[in-house]
Each structure stands twice: as C-alpha cells, then as structure tokens.
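There are 2 protein chains.
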Amino acid sequence: MKQINAEIIAVGTELLLGQIANTNAQWISQELSTYGVNVFYHGVVGDNLKRVADTFSQAKDRSDLVIVTGGLGPTEDDLTREAFQLVSKLDIMEHRPSLNKIEAYFQKQGMEMTPNNRKQSHVFTNANVLENKVGMAPGMIVSQQKQNWVFLPGVPKEMKQMMKDDVIPFIQEITENESIIESMVMRFIGIGEAKLEDEIIDIIQSQVNPTIAPLAQADGVVIRLTAKADSINTASNLLQDTKRKILERVGSHFVGINEETIDRKIISLLKEKGKTIAAAESLTGGKFTENLISVKGASTVCSGGIVCYNTNVKTDVLGVSAKTIAEEGTVSEACAIEMANKVRNLLNTNIGISFTGIAGPEPIENKPVGLVYIALCDENTQFVVEKCNFHGSREAIRRKAVLKGFELLLNYLK
Amino acid sequence: MKQINAEIIAVGTELLLGQIANTNAQWISQELSTYGVNVFYHGVVGDNLKRVADTFSQAKDRSDLVIVTGGLGPTEDDLTREAFQLVSKLDIMEHRPSLNKIEAYFQKQGMEMTPNNRKQSHVFTNANVLENKVGMAPGMIVSQQKQNWVFLPGVPKEMKQMMKDDVIPFIQEITENESIIESMVMRFIGIGEAKLEDEIIDIIQSQVNPTIAPLAQADGVVIRLTAKADSINTASNLLQDTKRKILERVGSHFVGINEETIDRKIISLLKEKGKTIAAAESLTGGKFTENLISVKGASTVCSGGIVCYNTNVKTDVLGVSAKTIAEEGTVSEACAIEMANKVRNLLNTNIGISFTGIAGPEPIENKPVGLVYIALCDENTQFVVEKCNFHGSREAIRRKAVLKGFELLLNYLK
Numbered sequence: 001m002k003q004i005n006a007e008i009i010a011v012g013t014e015l016l017l018g019q020i021a022n023t024n025a026q027w028i029s030q031e032l033s034t035y036g037v038n039v040f041y042h043g044v045v046g047d048n049l050k051r052v053a054d055t056f057s058q059a060k061d062r063s064d065l066v067i068v069t070g071g072l073g074p075t076e077d078d079l080t081r082e083a084f085q086l087v088s089k090l091d092i093m094e095h096r097p098s099l100n101k102i103e104a105y106f107q108k109q110g111m112e113m114t115p116n117n118r119k120q121s122h123v124f125t126n127a128n129v130l131e132n133k134v135g136m137a138p139g140m141i142v143s144q145q146k147q148n149w150v151f152l153p154g155v156p157k158e159m160k161q162m163m164k165d166d167v168i169p170f171i172q173e174i175t176e177n178e179s180i181i182e183s184m185v186m187r188f189i190g191i192g193e194a195k196l197e198d199e200i201i202d203i204i205q206s207q208v209n210p211t212i213a214p215l216a217q218a219d220g221v222v223i224r225l226t227a228k229a230d231s232i233n234t235a236s237n238l239l240q241d242t243k244r245k246i247l248e249r250v251g252s253h254f255v256g257i258n259e260e261t262i263d264r265k266i267i268s269l270l271k272e273k274g275k276t277i278a279a280a281e282s283l284t285g286g287k288f289t290e291n292l293i294s295v296k297g298a299s300t301v302c303s304g305g306i307v308c309y310n311t312n313v314k315t316d317v318l319g320v321s322a323k324t325i326a327e328e329g330t331v332s333e334a335c336a337i338e339m340a341n342k343v344r345n346l347l348n349t350n351i352g353i354s355f356t357g358i359a360g361p362e363p364i365e366n367k368p369v370g371l372v373y374i375a376l377c378d379e380n381t382q383f384v385v386e387k388c389n390f391h392g393s394r395e396a397i398r399r400k401a402v403l404k405g406f407e408l409l410l411n412y413l414k
Numbered sequence: 001m002k003q004i005n006a007e008i009i010a011v012g013t014e015l016l017l018g019q020i021a022n023t024n025a026q027w028i029s030q031e032l033s034t035y036g037v038n039v040f041y042h043g044v045v046g047d048n049l050k051r052v053a054d055t056f057s058q059a060k061d062r063s064d065l066v067i068v069t070g071g072l073g074p075t076e077d078d079l080t081r082e083a084f085q086l087v088s089k090l091d092i093m094e095h096r097p098s099l100n101k102i103e104a105y106f107q108k109q110g111m112e113m114t115p116n117n118r119k120q121s122h123v124f125t126n127a128n129v130l131e132n133k134v135g136m137a138p139g140m141i142v143s144q145q146k147q148n149w150v151f152l153p154g155v156p157k158e159m160k161q162m163m164k165d166d167v168i169p170f171i172q173e174i175t176e177n178e179s180i181i182e183s184m185v186m187r188f189i190g191i192g193e194a195k196l197e198d199e200i201i202d203i204i205q206s207q208v209n210p211t212i213a214p215l216a217q218a219d220g221v222v223i224r225l226t227a228k229a230d231s232i233n234t235a236s237n238l239l240q241d242t243k244r245k246i247l248e249r250v251g252s253h254f255v256g257i258n259e260e261t262i263d264r265k266i267i268s269l270l271k272e273k274g275k276t277i278a279a280a281e282s283l284t285g286g287k288f289t290e291n292l293i294s295v296k297g298a299s300t301v302c303s304g305g306i307v308c309y310n311t312n313v314k315t316d317v318l319g320v321s322a323k324t325i326a327e328e329g330t331v332s333e334a335c336a337i338e339m340a341n342k343v344r345n346l347l348n349t350n351i352g353i354s355f356t357g358i359a360g361p362e363p364i365e366n367k368p369v370g371l372v373y374i375a376l377c378d379e380n381t382q383f384v385v386e387k388c389n390f391h392g393s394r395e396a397i398r399r400k401a402v403l404k405g406f407e408l409l410l411n412y413l414k
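First to last, the protein sequences are chains A and B.
For what it's worth, full-length UniProt numbering labels the leading residue of the first sequence as 1, then goes sequentially.
For what it's worth, full-length UniProt numbering labels the leading residue of the second sequence as 1, then goes sequentially.
If you are wondering where the hints come from, they were derived from the structure by calculation, not from laboratory data.
Mixed in with the good hints there might be a few duds.
Same chains, same names: a pair is fine if it fits in one copy or spans any two.
Mimicking DSS-like on lysine-lysine, the simulated pairs with C-alpha atoms at most 27 Å apart in a straight line are [stated by the list, open to error]:
1. Lys108 - Lys271
2. Lys296 - Lys157
3. Lys323 - Lys414
4. Lys400 - Lys296
5. Lys157 - Lys400
6. Lys157 - Lys271
7. Lys273 - Lys195
8. Lys195 - Lys133
9. Lys133 - Lys404
10. Lys296 - Lys101
11. Lys2 - Lys146
12. Lys243 - Lys273
13. Lys323 - Lys273
14. Lys245 - Lys228
15. Lys108 - Lys400
Remember, it's a predicted structure, so these values are computed and weren't measured experimentally.
Full structure from sequences and hints, please.
Here's what the structure looks like:
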C-alpha cells in the first residue's frame with residue numbers, strides 16, 4: 001500500500017466566527033483513518049481570496065492529497081475555485097450536466113434562477129466532476145503533478161454523499177490499498193491516563209504495528225489500537241496480540257472493547273449472570289440508575305431505585321434506621337450498608353448498591369466535601385463498602401462517585 | 001481600538017483521527033469575535049514535534065496573537081512546550097506553585113504521582129503563568145517580538161476557565177479596547193430555533209447593536225445579544241432594550257438569562273414559592289431528578305424520587321393500583337396521574353411529577369415508541385397531564401421527556 005499524507009481545508013468565515021464547529025473535518029478524518037491515509041493537518045480559512053490561495057499554496061508544498069470543503073456556492077463569498085485557479089493556473093469551464101440540473105431545480109421550484117447560480121456549475125477543465133445527488137454544486141477531483149485535490153461542498157449531507165460515492169473509491173485506487181486496516185478501542189476504568197501509559201510505556205515505544213494511543217474520556221481511559229496488514233486475519237491477530245500484552249499489565253482495569261462502554265458492560269454482565277439490581281442514591285441523585293437505564297435492554301436487569309436525597313426519604317421510604325443516622329450520620333459506612341440492603345429488599349432484586357456522600361459546596365455533619373461511601377450487597381448479604389475522598393466540583397464529585405460504583409460493580413460481577 | 005489578527009492552533013492526534021471535533025476553536029472564536037479580534041485561521045496538527053514546530057513557525061510569520069490548545073499534559077505525546085521551544089529558543093523551567101498543586105492533588109487522592117506528571121508544571125521562563133483552577137497543567141501567555149502566544153490545556157473546562165479569568169482581560173489590554181462589550185444569553189424552552197428566529201426576524205435584521213444570534217442547545221434555544229458602547233451603563237441599556245423587545249414576542253417561552261438554565265430556574269422558583277418536589281420516573285430512569293439535584297442547594301426543595309422502571313416497582317413500591325395497569329397499561333394517562341400522586345404522598349412533598357413512556361427501540365403494550373405521558377400534581381390534587389409523541393433515538397426521546405417535564409413545571413411555577 002502506498003503511503004498518502006493528507007490535509008483537510010475548510011473554507012468559510014462562519015467557522016472562524018465560531019458559528020459552527022468543523023465537524024466535516026472530524027468526519028472526513030475518521031474515514032481517511034479507516035482507509036489508511038495519514039491526516040497531518042486540518043486548516044480553516046475565511047472567505048478571503050488571498051488567504052485561501054496562500055493556504056492552498058502551502059498544502060501544495062506538503063501534502064499528497066488535499067480535501068477542501070466549502071466555498072463552492074453561488075455567492076460572492078464563495079471563492080474556492082478562484083483561489084485554486086491562482087495556485088494551479090487551470091482553466092475553468094461551465095459543466096453542462098451540472099448547469100442543466102441547477103436550471104431544472106429552479107424551474108421545478110417555480111423560482112427565478114439568479115445569474116450567480118451559473119457559477120455553481122463551474123469546474124476545472126481537467127477535473128473529474130462528482131455528481132451532487134442531494135444539492136446543486138458538483139464536487140471535483142483534480143490531479144496535478146502527482147498531487148490530488150478533492151473539492152467538496154460544505155453542506156455535510158452533500159459532502160458525505162460525494163465522499164462515499166466517489167472519493168473513498170478514488171482513495172483506495174491511489175493508495176493501491178491492498179492492505180487491510182483494522183482498529184480497536186480498549187476501555188479501562190479506575191486508572192488515570194498517565195498511570196495507564198506509564199504501565200505500558202515500553203510496549204507503546206517498542207512497536208509500530210498496531211499503533212497504540214491512550215486517551216482520557218469522561219467515563220475512563222481508552223487505548224486505540226490500529227493495525228495494518230495484508231489480510232483481515234493478520235490484522236486481527238496483530239490487534240489480539242497487542243491487546244493480550246496490554247491486558248497482562250492493566251487487565252484488572254479492563255472494561256471492554258469498542259462500543260462496550262462501562263454501562264453496557266454492566267448491563268451485559270448482569271444479563272449473563274441473571275442478576276437484577278436496584279440503587280439507593282443520595283448525592284448521585286439518580287445518575288447511576290439513569291446511566292444504566294440509558295442502555296437499551298436495561299429493563300430486564302435494572303428495576304429502578306430510590307433517590308433518597310432528603311434524610312426523611314432515607315428513613316421513611318427506604319427504611320434506614322433513625323438510630324443509625326443519629327449515631328453515625330447519613331454520610332457513614334453504616335448508613336451506606338443499610339441503604340444498599342434496604343433498596344435490595346424493597347425492590348426485590350439480587351443486588352443493591354448505594355451512594356451517600358457530600359457533593360458540596362458545603363460540608364455536612366462536620367464531614368468534608370468529597371467524602372463518599374458506596375456499598376454493594378447481594379442476597380448473601382455480603383458487603384463491599386468503599387470510602388472515597390473525591391476532589392473537584394460538585395459535578396465532578398458526583399460523576400466520580402458513579403464511576404466508582406460502576407468499578408465496584410464490575411469487579412463484583414467479573 | 002487596535003486591530004489584532006489571530007489564529008487558533010489545536011495540537012492533538014485525536015483531532016486528526018476524528019475522535020473529537022475541534023469545539024475549542026469554535027468557542028474561542030466566538031469569544032474573540034465578541035472582543036473584536038479578527039480570527040484568520042484555525043489549524044490542527046498532530047502530536048509530532050516537527051509538524052507542530054512548523055505550524056508554530058508559520059503562525060509566527062503571520063499572526064499577532066496565537067492561541068494554542070492542547071499538548072500540555074503529562075504524556076510523551078504532549079509536545080507543545082518542546083515545539084514552541086524550537087521556534088522561540090526560550091528556556092523552560094519548573095513552576096513551583098503549579099508543581100506543588102499537582103503533588104498535593106495526588107497526595108489528596110491517595111494516588112502515586114508518576115514522574116511524567118512533573119512535566120505538567122513546566123513553563124517558559126518569561127511566561128505569564130495562568131493558574132489552572134479546575135485541573136493540573138497551568139496555561140501561559142508568552143510575549144515575544146510584539147507577538148503574543150497563549151498556551152491553554154485542551155480540556156474544554158480548563159481552557160474556558162483560563163480564557164475567562166486571564167486571556168480575555170489580556171486581550172482587552174493589547175487591543176486597547178476602550179469600548180465596553182457586554183453580552184447576555186437569553187434562554188428559552190418549548191420553542192424551536194427556526195420558529196424563534198421567525199418570530200423576531202425583523203428585530204434581528206433591523207439592528208446591529210446589540211447583535212442578535214439565536215443558537216440551538218441541548219436544553220432549549222438561546223439568543224446571544226452583544227452590545228458595544230462607551231460605558232457599561234449604555235451597553236446594559238442597549239441589552240435591556242433588546243431583551244424587552246424580544247420578550248414581547250416570545251416571552252412565554254423565556255427561562256432566564258446567562259447562567260440561569262432551566263434546572264437552576266426551577267430550583268430557584270421552588271425555593272421562592274417554598275415548595276418541595278419528588279418525581280416518579282419510568283423511561284427517564286432518574287434523569288429528571290438527577291438534573292435537579294445537579295444544581296447546588298437543591299436539597300432544600302428536591303427530596304428525591306422513585307425510579308420505577310420495572311412494573312413491579314410501580315405497584316409494590318410506589319403503590320400504583322394493579323387495576324390501573326391491567327386496564328390502561330403502564331404507558332397511560334391514568335398510570336402517570338397515579339404515579340405523580342403516589343410519589344408526592346410517599347415522599348411527603350408539595351409537588352409530584354411523573355414520567356412514563358416508551359423510549360424504544362421496541363414498542364410496548366402495542367403502543368408506539370416515543371409515546372410519553374407526563375403528569376404533575378400538587379396538594380390540591382390538581383393535575384396537569386401532557387401526552388407527547390417524541391421522535392428520535394432512545395436517548396433523544398428520554399431527553400425530550402425531561403425537557404417537557406421542566407417546561408410543564410416552569411409554567412406551573414411561574
């Protein structure tokens with residue numbers, strides 16, 4: 001397979017004003033990555049002829065493949081063609097089939113076609129014209145001096161249609177892509193990004209295929225593995241080998257691969273073991289239950305729960321003893337254990353889990369913000385209790401408490 | 001006011017792989033635009049020393065202000081400092097206050113600090129160091145040869161904190177911006193972006209100060225007003241005038257301004273009226289309660305709730321009559337009313353609210369995906385019941401149900 005280095009350039013002042021995010025570049029990058037093209041740069045430039053031309057000149061000097069989105073429309077601001085003409089010296093002509101389509105569109109809508117709309121049918125003389133099946137302006141592939149330029153509309157729907165129909169097949173051709181690219185995301189919980197990288201730094205540094213990239217996410221840390229090979233089989237084997245090596249080091253924190261996020265993993269483990277769960281949530285306010293229920297098919301294993309934010313709900317609805325609360329406080333190991341036990345009994349489930357603690361901003365019961373107790377029990381009334389001291393905002397403390405609950409549950413179910 | 005031309009550079013291979021979109025550049029662009037700075041380019045470059053340094057070199061030749069996000073973390077991949085050192089020839093030193101903070105963080109968490117975390121405290125010797133109040137790595141402002149470089153973490157929360165606390169005041173200083181810029185975000189619920197724009201299109205088109213920009217968000221629609229004037233007083237008056245004009249048209253959907261999001265507004269209205277609330281949630285799985293409890297100070301008005309995802313929980317814990325469920329089904333007006341009433345009684349609150357419906361992917365009780373009943377009752381057993389037909393994914397249906405609940409509650413409390 002031929003190595004191709006690409007860059008993606010978006011043309012449009014609306015991006016520089018922050019009116020929209022450059023999600024086109026994100027989407028195209030995902031596609032190029034899958035097909036083994038290296039993306040080295042994204043650029044965004046406004047609707048200014050000189051600056052667009054300068055940006056194109058630079059791309060001409062450094063990239064094998066340049067994908068440009070936007071600036072192909074009918075208005076004065078749409079300058080992509082004019083800017084590329086300055087750089088390429090190519091001639092522009094009217095593309096009759098595209099013009100016919102544009103004229104037909106206006107006729108059908110009963111609208112007058114203003115003269116500037118003709119511009120949308122303009123293409124470079126030697127271009128491979130890409131049909132726009134969902135809009136007006138056609139796309140183009142222009143090959144010049146061993147370099148390939150792809151021009152696409154900025155409207156995401158039109159851009160994606162041309163990428164799928166024309167650009168991806170073209171890329172497979174120019175990359176002489178006979179090799180297969182496979183990737184895998186490994187998900188971890190209860191370990192930081194730095195610590196995880198530290199544990200496997202020698203593996204990361206000593207190998208290039210698959211590549212290994214750790215990344216922190218809201219629900220843990222992921223490692224992305226990307227393998228290149230002559231066959232699916234070889235690529236899969238490369239991924240599996242590396243996965244095994246990584247799991248030997250940090251397997252105790254492993255959740256699952258690809259779409260198997262912690263909430264999905266918990267739901268599938270509960271199903272596998274035939275266990276049901278209910279939660280008693282104080283500071284987390286329903287966040288734990290809501291995360292589980294967001295997984296489709298959760299209804300067979302997650303019955304629901306009691307959000308007992310108020311102390312009265314802990315005693316009157318859940319049935320935690322007033323004595324426990326008077327003697328130990330609501331933020332205590334004893335209260336957490338009773339909460340887990342009571343919610344399990346009340347909702348008649350196999351597992352009960354509870355969260356009680358202080359999200360802040362104010363301390364309660366003379367205990368510090370961030371102190372959280374999480375208890376887990378089952379039908380044999382075996383308890384796991386975790387005392388945690390979390391830091392950060394109210395939101396962060398509540399999120400960390402839920403994640404710690406998932407971690408405890410994962411370890412219990414594994 | 002001095003004209004400043006800026007560019008924004010994001011460093012991170014995850015962007016080039018399309019794992020995330022460059023929303024940092026969008027957010028920073030909005031801010032710079034508010035403060036009258038021209039943004040001419042966005043760039044994204046991967047974690048590669050030479051390419052990051054090349055990108056910095058180019059920025060050095062063309063921009064007055066360069067804002068760099070990402071690459072300040074603890075791992076080998078974090079190369080922003082090293083790349084800027086190649087370009088600037090500046091020395092790097094350990095910033096003791098930042099290192100103390102990082103060490104304290106690990107100590108407090110009871111976690112071992114791996115050596116690579118020291119790197120996060122490295123700064124350029126002549127830098128103006130920006131405190132990271134929500135994370136570890138500090139930011140920096142480096143001024144060199146009439147050019148200003150701002151280095152910020154890639155984590156959006158950390159980046160935004162430093163922009164607000166340090167970078168915006170710095171920008172006002174270097175732009176010699178003596179005119180006052182005041183902005184206001186007006187929040188709306190229960191109306192779409194297109195409909196809202198349609199209702200006030202003449203106001204939008206006929207005025208330039210303040211500018212009026214509607215934007216759809218996850219919890220409704222916002223309108224951002226930005227006024228420029230010689231004094232705070234004049235700017236505030238301009239904002240208030242426009243706010244009043246807009247409220248005359250769409251006031252019935254108005255939630256609040258700036259940080260007054262719908263959940264905060266609900267909590268403050270509950271406090272104001274001295275009312276408490278409890279929720280019985282089926283398809284929403286605790287999402288409504290969790291949103292309210294995320295607001296600090298919620299404990300005095302939000303007692304908690306019952307997540308009755310399973311039918312048995314609706315009957316056995318909440319006390320919905322088996323007859324209602326047998327005759328009308330769980331997804332019915334009758335069931336919703338009983339749920340709201342029972343949760344109010346059980347948790348002894350002024351208001352009860354309930355959510356029952358079908359988030360999908362499968363229909364239940366021969367009723368379609370997206371059908372949701374929301375009921376609201378108070379001590380006079382007055383009922384508001386809303387039957388909704390929502391469209392979209394499981395996640396979208398659950399989110400829309402919670403928002404509709406907020407809307408009903410807002411109208412009830414207003």
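Hints versus structure:
1. Lys108 - Lys271: neither (35 Å within a copy, 37 Å between copies)
2. Lys296 - Lys157: Within one copy, since 18 Å is at most 27 Å while 30 Å is not.
3. Lys323 - Lys414: neither (35 Å within a copy, 41 Å between copies)
4. Lys400 - Lys296: both (23 Å within a copy, 17 Å between copies)
5. Lys157 - Lys400: Answer is both; intra-copy 26 Å and inter-copy 16 Å each pass.
6. Lys157 - Lys271: Neither. Shortest intra-copy (29 Å) and inter-copy (37 Å) distances fail the 27 Å Cα cut-off.
7. Lys273 - Lys195: Cα proximity of lysine 273 and lysine 195: none, with 31 Å in one copy and 49 Å across.
8. Lys195 - Lys133: For lysine 195 and lysine 133, the Cα distance is within 27 Å only across copies (22 Å; inside one copy 40 Å).
9. Lys133 - Lys404: For lysine 133 and lysine 404, only the inter-copy Cα distance (24 Å) is at most 27 Å; the intra-copy one is 35 Å.
10. Lys296 - Lys101: within (26 Å within a copy, 42 Å between copies)
11. Lys2 - Lys146: So lysine 2 and lysine 146 pass the 27 Å test inside one copy only (13 Å; across, 44 Å).
12. Lys243 - Lys273: within (25 Å within a copy, 57 Å between copies)
13. Lys323 - Lys273: neither (36 Å within a copy, 33 Å between copies)
14. Lys245 - Lys228: Within one copy only: 18 Å inside, 59 Å across.
15. Lys108 - Lys400: between (40 Å within a copy, 15 Å between copies)
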